[in-house]
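Take a look at the letters that make up each chain.
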Amino acid sequence: KNEVEQSPQNLTAQEGEFITINCSYSVGISALHWLQQHPGGGIVSLFMLSSGKKKHGRLIATINIQEKHSSLHITASHPRDSAVYICAVGAGNQFYFGTGTSLTVIP
Amino acid sequence: DAGITQSPRHKVTETGTPVTLRCHQTENHRYMYWYRQDPGHGLRLIHYSYGVKDTDKGEVSDGYSVSRSKTEDFLLTLESATSSQTSVYFCAISQPGQGAQNIQYFGAGTRLSVL
Numbered sequence: 001k002n003e004v005e006q007s008p009q010n011l012t013a014q015e016g017e018f019i020t021i022n023c024s025y026s027v028g029i030s031a032l033h034w035l036q037q038h039p040g041g042g043i044v045s046l047f048m049l050s051s052g053k054k055k056h057g058r059l060i061a062t063i064n065i066q067e068k069h070s071s072l073h074i075t076a077s078h079p080r081d082s083a084v085y086i087c088a089v090g091a092g093n094q095f096y097f098g099t100g101t102s103l104t105v106i107p
Numbered sequence: 001d002a003g004i005t006q007s008p009r010h011k012v013t014e015t016g017t018p019v020t021l022r023c024h025q026t027e028n029h030r031y032m033y034w035y036r037q038d039p040g041h042g043l044r045l046i047h048y049s050y051g052v053k054d055t056d057k058g059e060v061s062d063g064y065s066v067s068r069s070k071t072e073d074f075l076l077t078l079e080s081a082t083s084s085q086t087s088v089y090f091c092a093i094s095q096p097g098q099g100a101q102n103i104q105y106f107g108a109g110t111r112l113s114v115l
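Protein chains in written order, with the numbering used here: chain R, 1 to 107; chain G, 1 to 115.
Isolated chain G, as found in the complex (with noise of 0.2 Å):
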């Protein structure tokens, strides 16, 4: 399996708090991503990092922010929670040099309720 850790495993908070997620990896690969997952959804991406400092947006981007000043770990912040952000929350690591064409490997996941 790839060094990759999320905490919390689990998390309740209510509305209008702010709350970060943490990804940890242990494999020093370049691309770091985080995504959502809901019912009737695919996976959809909110932020990725392609290396230290350098991030860009995703698809469902607003209300989140990322940051990543090493290597290894890449953060998730929800400035002021909603409860349209109760989901389930993965990061994924791929290889680096290649891009998208890499296999990614996945967290084991963060569930997120906001009430």
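For reference, chain R alone in the conformation it holds in the complex (with noise of 0.2 Å):
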């Protein structure tokens, strides 16, 4: 059982598009995370979130709560942006995490 299901799980775009993730979840959270893990390994935090909607430059994330659902759009998407993006849920002192979705941008 998932508590957390992203789609899609692979994604390639051609430099420019605006690309979506989507991430829907089946507990009751405090927050929603999404995390980068860039090719060699890293993870780090793009947004926390549990309500409406938040903007760091290319990169928007929505979250709807009534329907358990959120979305990470990069708008104008570069070869930089390559990278797995995963989806975390918090819920009372532990996480919930998606299985990640491989993002590749051609140039």
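If you are wondering where the hints come from, they were derived from the structure by calculation, not from laboratory data. All C-beta atoms in this analysis are idealised placements derived from N, C-alpha and C, irrespective of residue type, glycine included.
Short, incomplete list of chain R residues facing chain G, as computed with Cβ under 7 Å: (1) 41; (2) 42; (3) 43; (4) 45; (5) 48; (6) 94; (7) 97; (8) 98; (9) 99.
With the hints as a guide, bring the two chains together.
Shown next, in the form of structure tokens:
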């Protein structure tokens, strides 16, 4: 049983394309997180949100609490955006993670 | 970058041997976590700590133990390593006071191979 489901699993885009990654969850959460894992393995936090929408540069994250769904959008994608994007939800003292979306942006 | 150091970064060991991984933080964060990452699975929680000497089991705790005798150090021990414990292990920390709501900061990971 996966508390967090992401789609798509793999995504290839041309440079400049608008990209959307989706996340659905089944548990009650205190917050949802989007993480980025670089090809070298390091994991960094992109967003933490519990309602509405957040924007950071070309990245936009939205969440719909009622539908238990979040999306991560990348505008004007660039090859340096190539990474694995991971959705995680905080519930109690624990986190549950999706399996990640592997994004490749081709020049 | 949050001050989190995992050691060792890479380890190869034999089945049946004990292995200890160390996570050291300089941020004075209350919560510390050990995860494993395997192909086809998301990060899965092994154990976490919510304070010195306060730990709890996660989703995949069998075969692992932890200790936290100081705020800055969280040790993960494989008492008798098995091939199924071959994985990449990540330590994470989160800000004090608000538990799971807080952003987690991750260490660089330890790649463990059990032969």
